[in-house]
Amino acid sequence: EAGVAQSPRYKIIEKRQSVAFWCNPISGHATLYWYQQILGQGPKLLIQFQNNGVVDDSQLPKDRFSAERLKGVDSTLKIQPAKLEDSAVYLCASSWRGRNEQYFGPGTRLTVT
Amino acid sequence: RKEVEQDPGPFNVPEGATVAFNCTYSNSASQSFFWYRQDCRKEPKLLMSVYSSGNEDGRFTAQLNRASQYISLLIRDSKLSDSATYLCVVNTPDYKYIFGTGTRLKVLA
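Here the protein sequences come in this chain order: D and L. Quick note: the first sequence uses the working numbering, first residue 3, plus one each step. Quick note: the second sequence uses the working numbering, first residue 2, plus one each step.
I should point out that these hints are in silico values taken from the structure, not numbers from a laboratory. Mixed in with the good hints, there may be bad ones.
Going by beta-carbon spacing under 10 Å, a handful of chain L positions derived as facing chain D [stated by the list, open to error]:
#	residue
1	8
2	13
3	28
4	30
5	43
6	60
7	90
8	98
9	102
For every residue, glycine included, the Cβ atom is placed at its ideal position computed from N, Cα and C.
Pulled out of the complex, with its shape left as it was, chain L reads as follows:
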């Protein structure tokens, strides 16, 4: 089993749709979690940290489920500009950052 797994997609959704991505991790003692966004041929940029209580930033909501060992990202009212690859990142007990392979999102007009 991979340490961090994501559905690679692509997810093709119409503008205005709600879309959700999940990311599973294997190390139950993992400490911190993040979602990054990566545009084509650009570096990853932090989208949001994921807290145990969940967090929301505008149209984006992140949740952590420790019991089932997954994190999720929900995007409401999708915009064309949301088209990108979304990378899940898990910080393990020994301070390693493990990246998922990313989920590609394409928002269609």
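For reference, chain D alone in the conformation it holds in the complex:
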């Protein structure tokens, strides 16, 4: 079974530029998550989708971050404009339902200079 796919794996941008990340969850998984992980910390949930609806985006900085999952399958996360403090690994995860174990993609390592 294919795992969670993410791209790109690495991205370096200058502050105030925009960037987009893509995620394709495990086939059949209804729930999709985007996390931000800063070095030395645990992952922090940014947004959670159930199919194509948003379940929780309380920690998403909505003035600069946006995410969508239009057809209930793959998803994109965008940052515009980026700040230095956005440098982190952005992890996508999926689960069959909202109480089950999550499976993570390899992440996108973002560096903002």
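Chain L: place on chain D using the hints.
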């Protein structure tokens, strides 16, 4: 009080040792619990789910204590390859997954 708390370590133990980590959570109505392992510069990988009755997988044993609101992970006969960060995850009543900051383990030869 943080929603999920872990001792960040590092725990430095010799090969063959037994080591235990605890993780406390604040929401007594939390529904499900997990331990994940994260290697340096890699994504978290599910190690095991934690059931009310406890569960064991080879050298790894996980326990849940609802009364005291903590979960534990015991690793017996530590191997060099067990060196990693162990993340505690709690699923709250409103379906949120809350991660601890992780406990770093280093197994020494």
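Status of the hints after comparison with the structure:
Residue-level restraint check for residue 8 of chain L is violated (minimum Cβ-Cβ distance to chain D is 13 Å; threshold 10 Å). Hint status for residue 13 of chain L: violated, given a least beta-carbon distance of 17 Å to chain D, over 10 Å. For residue 28 of chain L, the interface hint is violated, since its Cβ never comes within 10 Å of a Cβ in chain D; the closest pair sits about 14 Å apart. The interface hint given for residue 30 of chain L is violated, since its Cβ lies 13 Å from the closest Cβ of chain D, which is over the 10 Å cut-off.
Using the Cβ-Cβ criterion of 10 Å, the hint placing residue 43 of chain L at the interface with chain D is satisfied: the shortest such distance is roughly 8 Å. Of the supplied interface hints, the one on residue 60 of chain L is violated, with its beta-carbon coming no nearer than about 20 Å to a beta-carbon of chain D, more than 10 Å. Checking residue 90 of chain L against chain D by beta carbon gives a least distance of about 8 Å; that is within 10 Å, so the hint holds. A cut of 10 Å between beta carbons decides the hint on residue 98 of chain L: the least distance to chain D is about 6 Å, and the hint holds.
Interface hint status for residue 102 of chain L: upheld, as the beta-carbon distance to the closest one in chain D is roughly 5 Å, under 10 Å.
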